[in-house]
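Let the sequences and hints guide you as you build the complete structure.
Residue numbers (numbering that gives the first Met the number 0), protein chains in the order written: chain A, 0 to 198; chain B, 0 to 194.
Think of the hints as simulated: they come from the structure by calculation, not from any bench. Don't take each hint at face value.
Far from chain A, by Cβ distances over 10 angstroms, these chain B residues were calculated [unchecked claim]:
(1) Arg-33
(2) Ile-54
(3) Pro-63
(4) Ala-94
(5) Gly-104
(6) Pro-115
(7) Ser-121
(8) Thr-151
(9) Thr-189
Computed from the model, here is a short list of chain A residues facing chain B with C-beta under 8 angstroms [what the hints assert, rightly or not]:
(10) Asp-23
(11) Tyr-130
(12) Thr-131
(13) Trp-132
(14) Ala-134
(15) Val-135
(16) Gln-188
Don't be surprised by glycine CBs; every beta carbon is placed ideally from N, CA and C.
This is what each chain is made of:
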Amino acid sequence: MSIAKWMIPVACVSISLAAQTANDLNGLVSAASHYVSNGMSGARDPETLALSKVIGNYSTQFPDALMTRATDVQHWTFLYRLNSHAPTEPVQDPEAKPKPHLSVQAECTQGVFNNFRYSSMPITHVKSLEYTWVAVSLDNAIANLNANGFIRGFSSVGLQRPDLPNWPDEFVYVFTCPWERREVAISCQTGAMVWSAGY
Amino acid sequence: MLPALRLAPLLCAASGLMAQASCDLNSLVLQASRYIAHETAGQSHGQELTLFRIIGTGDSGETPMLRGADLQVWTLIYQIDPDGAPPPGQDGPDARSVSVQCSHGLFNTLIWSPLPVFDAKSLQWAWFALSLDDAIARLERAGHNRGFTSVTLMRPMHPRYPDECTFIFKCLPEHAYVGISAQTGQELWTEPFPS
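Below you can see the structure in the form of structure tokens.
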């Protein structure tokens with residue numbers, strides 16, 4: 000009896016925390032925006048930065064670990080395209096031309112934002128996610144992934160709007176499913192499977 | 000047996016919490032604010048915009064919808080502070096409201112209008128405890144289980160209706176509007192709509 004009494008409040012806390020954090024990707028994107036703004040010395044100009052891709056996996060140590068539910072995703076990477084006014088990359092050789100910064104990256108590892116850095120790599124094949132809203136929670140998207148037969152787990156999940164001629168312009172979760180060797184896109188708005196492609 | 004009995008309500012509570020994050024309308028409002036701030040940046044008319052009404056519709060018009068994710072277009076309607084200076088340029092001197100859309104998850108289309116919002120109270124500092132899917136479950140429990148063609152979130156300003164944040168579902172098969180509290184999930188009222 001006494002053990003049961005202790006267990007109940009503990010179970011309540013763990014359930015509610017898991018539910019609030021794992022599914023709230025809109026809140027995660029807002030918090031990332033706040034962190035990146037801080038990383039750019041608070042001078043964030045919406046015309047300068049555009050969120051282009053969000054990628055979730057288990058951890059940096061085990062990037063290919065299989066996951067089956069939203070709380071398994073412990074590591075998030077946010078890629079922003081830099082449009083202008085970006086500082087250039089420092090170079091050792093004084094005669095070499097400094098490379099312009101073309102993107103910014105931030106990570107969120109186990110709920111803590113870190114690793115803000117500039118890059119000279121451009122982000123291609125995706126459209127901006129800057130002013131978007133995710134209607135389908137990650138757990139619901141995983142349920143729909145399972146309903147389409149992909150039940151053996153995924154090694155990463157990306158949020159993106161593909162910018163390729165053969166792909167529809169739809170805001171999607173892209174799950175990488177290593178067992179089936181397929182990438183599966185689930186709509187962020189309806190939860191429907193939009194496409195799947197072998198890799 | 001006893002611990003198992005006690006766990007049952009906990010599991011129910013857990014599923015309720017999971018549902019809250021699905022189709023989270025509180026974050027829709029926050030994202031809309033960000034988009035409006037971006038779209039109106041540089042327009043120095045200093046307008047105060049107050050959210051009055053949120054309307055969600057599907058893609059297919061009259062086809063009844065059954066779940067939150069079926070709603071593909073959200074329109075958020077803001078009243079312009081009547082004491083503020085009129086917005087310049089394209090907005091026209093008489094703009095009294097502005098709407099913004101979120102279609103398929105992408106914000107777009109900020110439209111100024113000379114029409115004021117007159118039948119609703121402010122939602123500016125509001126929070127919706129029930130997710131849309133929870134509200135739909137309550138709608139079905141109240142007997143309206145054949146779908147709805149649109150849902151409106153508002154605080155009606157009319158003596159007949161209680162001053163409460165309400166999901167108003169338009170149920171075509173029953174030819175009725177149904178008000179579900181955005182805080183408690185209770186069915187507040189049902190009104191037939193004119194044919």
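Once the closest CB in chain A is found, is it more than 10 angstroms from Pro-115/B?
26 angstroms, holds
Let me know if the C-beta of Tyr-130/A comes in closer than 8 angstroms to any C-beta of chain B, holds or violated.
4 angstroms, holds
Would you say Arg-33/B is clear of chain A, with no C-beta pair closer than or equal to 10 angstroms?
Contrary to the label, Arg-33/B does not stay out of reach of chain A, its closest Cβ about 7 angstroms off (not over 10 angstroms).
Minimum Cβ-Cβ distance from Gly-104/B to chain A exceeds 10 angstroms:
4 angstroms, violated
Do the numbers back the hint for Gln-188/A, that is, is its least Cβ distance to chain B under 8 angstroms?
5 angstroms, holds
Classify the label on Pro-63/B as holds or violated, using whether its beta-carbon is more than 10 angstroms from each beta-carbon of chain A.
15 angstroms, holds
Hey, does the Val-135/A contact hint survive, CB to chain B under 8 angstroms?
Hint on Val-135/A: holds, closest Cβ of chain B at ~5 angstroms, below 8 angstroms.
For the restraint on Trp-132/A, tell me whether the closest CB of chain B is nearer than 8 angstroms.
5 angstroms, holds
Is it correct that the beta-carbon of Ala-94/B has no partner in chain A closer than or equal to 10 angstroms?
22 angstroms, holds
Do the numbers back the hint for Thr-131/A, that is, is its least Cβ distance to chain B under 8 angstroms?
5 angstroms, holds
Is it correct that the beta-carbon of Ile-54/B has no partner in chain A closer than or equal to 10 angstroms?
Answer for Ile-54/B: holds, closest chain A Cβ roughly 15 angstroms.
Could you check that no beta carbon of chain A comes within 10 angstroms of the beta carbon of Thr-189/B?
27 angstroms, holds
Violation of the numbered hints given earlier is confined to hints 1 and 5; the remaining hints are satisfied by the structure.
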